[in-house]
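Visitor: Protein sequence lines, in the order shown, are assigned to chains A and B. Here my numbering is used: the first residue of the first sequence is 1, the next is one more, and so on. Here my numbering is used: the first residue of the second sequence is 1, the next is one more, and so on.
It is possible that part of the hints are untrue.
If the Cβ cut is set under 10 Å, some of the chain A residues that face chain B in the computed set are [what the hints assert, rightly or not]:
1. Phe65
2. Pro79
3. Phe89
4. Phe101
Derived EDC-like pairs (lysine to aspartate or glutamate); straight-line CA-CA distance at most 20 Å [what the hints assert, rightly or not]:
5. B:Lys83 / B:Asp56
6. B:Lys78 / B:Glu68
7. B:Lys15 / B:Asp86
8. B:Lys11 / B:Asp101
9. A:Lys71 / A:Glu42
10. B:Lys44 / A:Asp95
11. B:Lys44 / A:Asp59
12. A:Lys37 / A:Asp59
13. A:Lys54 / B:Glu14
14. A:Lys71 / A:Asp55
15. A:Lys98 / B:Asp56
16. A:Lys54 / A:Asp24
17. A:Lys5 / A:Asp24
18. A:Lys56 / B:Asp101
19. B:Lys44 / A:Asp55
20. B:Lys44 / A:Asp31
21. B:Lys11 / A:Glu42
22. B:Lys44 / A:Asp24
23. A:Lys37 / A:Asp24
24. A:Lys98 / B:Glu14
25. A:Lys54 / A:Asp95
26. B:Lys78 / B:Glu14
27. A:Lys71 / A:Asp24
28. A:Lys98 / B:Asp101
29. A:Lys37 / B:Asp101
30. B:Lys15 / B:Asp56
It is worth saying that the hints were derived from the structure and are not from the lab. Using N, Cα and C, we set each Cβ at its ideal position, and we do this for glycine too.
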Amino acid sequence: DQQVKQNSPSLSVQEGRISILNCDYTNSMFDYFLWYKKYPAEGPTFLISISSIKDKNEDGRFTVFLNKSAKHLSLHIVPSQPGDSAVYFCAARADDYKLSFGAGTTVTVRA
Amino acid sequence: EAGVAQSPRYKIIEKRQSVAFWCNPISGHATLYWYQQILGQGPKLLIQFQNNGVVDDSQLPKDRFSAERLKGVDSTLKIQPAKLEDSAVYLCASVTSPAADTQYFGPGTRLTVL
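Please model the entire structure based on the sequences and the hints provided.
Guide: Encoded structure:
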């Protein structure tokens, strides 16, 4: 069963504008959430994370928001740059530390 | 610091053939994972090692898949015999311990089964 869902397979955004990627989860035991970025022919690389005790974490142009009551998190990229074009995976883990991944969202930043 | 190394990067085989993948984790990382990523899906955990012991192989199709990490460093994943549905990218990841903030992934091996 898919415990982490990214319902938007793709997102196209103009350079300089905001990209918003969404992720929903079903397992209430998840307490740590991560976003990974993946370029073609490379492995996923860690981007940003958030613990369930927080509702926001910011790192430069990247901000992750967590809404525990809605079991929803989002990644904001502001401003979007051409180098941000990649596949973004949402992942979550419980106290067993095993990661469950969403299917990914392909972001294309248009010049 | 060198990253996670994997080889080969690409492999094409016919169904019912055998194939093996190799992973060398980041030095000092005791925990090693193998994931299967089918096109259009997120990575799915196949097996987790802690040093040279298996922690979790509940998602590994043991009738055809096997993995080992004999000396607690590098690891091999084998498929014998391969099926068409095994076509995927096989990712290796490592971490100092399971509770670490993030896993570090290798570039993956893209397997095509014809």
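Visitor: It remains to establish, for every hint, whether it holds in the given structure.
Guide: Here is how each hint holds up against the structure:
Hint status for Phe65 of chain A relative to chain B: violated, with the closest Cβ pair at about 19 Å, above 10 Å. Taking 10 Å as the C-beta cut-off, the interface hint given for Pro79 of chain A is violated, the closest approach to chain B being about 25 Å. Residue-level restraint check for Phe89 of chain A holds (minimum Cβ-Cβ distance to chain B is 5 Å; threshold 10 Å). Because the beta carbon of Phe101 of chain A sits about 3 Å from the nearest beta carbon in chain B, less than 10 Å, this interface hint is met.
For the hint linking Lys83 of chain B to Asp56 of chain B, the alpha-carbon distance of about 23 Å lies beyond 20 Å, and the restraint is violated. Restraint check for Lys78 of chain B and Glu68 of chain B: satisfied, since their Cα atoms lie roughly 9 Å apart, inside the 20 Å limit. Between Lys15 of chain B and Asp86 of chain B, the direct Cα distance comes to roughly 9 Å. Compliance with the 20 Å bound is thereby established for this hinted pair. Taken as a hint, the Lys11 of chain B and Asp101 of chain B pair is broken in the structure, with Cα atoms around 32 Å apart against an allowance of 20 Å.
Taking the CA atoms of Lys71 of chain A and Glu42 of chain A, the gap is about 30 Å. The hint is violated against a cut of 20 Å. Distance restraint check for Lys44 of chain B and Asp95 of chain A: the Cα-Cα separation of roughly 18 Å lies within the 20 Å cut-off, and the hinted pair is therefore satisfied. Between the alpha carbons of Lys44 of chain B and Asp59 of chain A the distance comes to roughly 27 Å, so the proposed pair goes past 20 Å and is violated. Between Lys37 of chain A and Asp59 of chain A the CA atoms are separated by roughly 14 Å; this keeps the pair inside 20 Å, and the hint holds.
Taking the CA atoms of Lys54 of chain A and Glu14 of chain B, the gap is about 49 Å. The hint is violated against a cut of 20 Å. Note on Lys71 of chain A and Asp55 of chain A: the hinted pairing holds, with a Cα-Cα distance of about 12 Å set against a maximum of 20 Å. Restraint check for Lys98 of chain A and Asp56 of chain B: the C-alpha separation of about 10 Å stays at or below 20 Å, so the hint holds. With a C-alpha separation of about 17 Å, the suggested pair Lys54 of chain A and Asp24 of chain A falls inside the 20 Å cut-off, and the hint holds.
The suggested pairing of Lys5 of chain A with Asp24 of chain A holds, with an alpha-carbon distance near 5 Å, which does not exceed 20 Å. Among the hinted pairs, Lys56 of chain A with Asp101 of chain B is consistent with the structure: their alpha-carbon atoms are about 17 Å apart, no more than 20 Å. Between Lys44 of chain B and Asp55 of chain A the CA atoms are separated by roughly 27 Å; this puts the pair beyond 20 Å, and the hint is violated. This hinted pair checks out: Lys44 of chain B and Asp31 of chain A have alpha carbons roughly 19 Å apart, not beyond 20 Å.
Only pairs whose Cα atoms come within 20 Å are accepted, and Lys11 of chain B paired with Glu42 of chain A is accepted, the gap being roughly 16 Å. The hinted pair formed by Lys44 of chain B and Asp24 of chain A meets the criterion: a straight-line CA distance of about 17 Å does not exceed 20 Å. Proximity of Lys37 of chain A to Asp24 of chain A is assessed by CA-CA distance (about 17 Å); at most 20 Å being required, the pair is judged to hold. Between Lys98 of chain A and Glu14 of chain B the CA atoms are separated by roughly 32 Å; this puts the pair beyond 20 Å, and the hint is violated.
Between Lys54 of chain A and Asp95 of chain A, the direct Cα distance comes to roughly 17 Å. Compliance with the 20 Å bound is thereby established for this hinted pair. For the proposed pair Lys78 of chain B and Glu14 of chain B, the alpha carbon gap of about 15 Å is at most 20 Å, so the pair holds. With a CA separation close to 6 Å, the supplied pair Lys71 of chain A and Asp24 of chain A stays within the 20 Å bound. Restraint check: the Cα-Cα separation between Lys98 of chain A and Asp101 of chain B comes to about 12 Å, which is no more than 20 Å; the hinted pair holds.
For the suggested pair Lys37 of chain A and Asp101 of chain B, the alpha carbons sit about 16 Å apart, so the restraint of at most 20 Å is met. Proximity of Lys15 of chain B to Asp56 of chain B is assessed by CA-CA distance (about 27 Å); at most 20 Å being required, the pair is judged violated.
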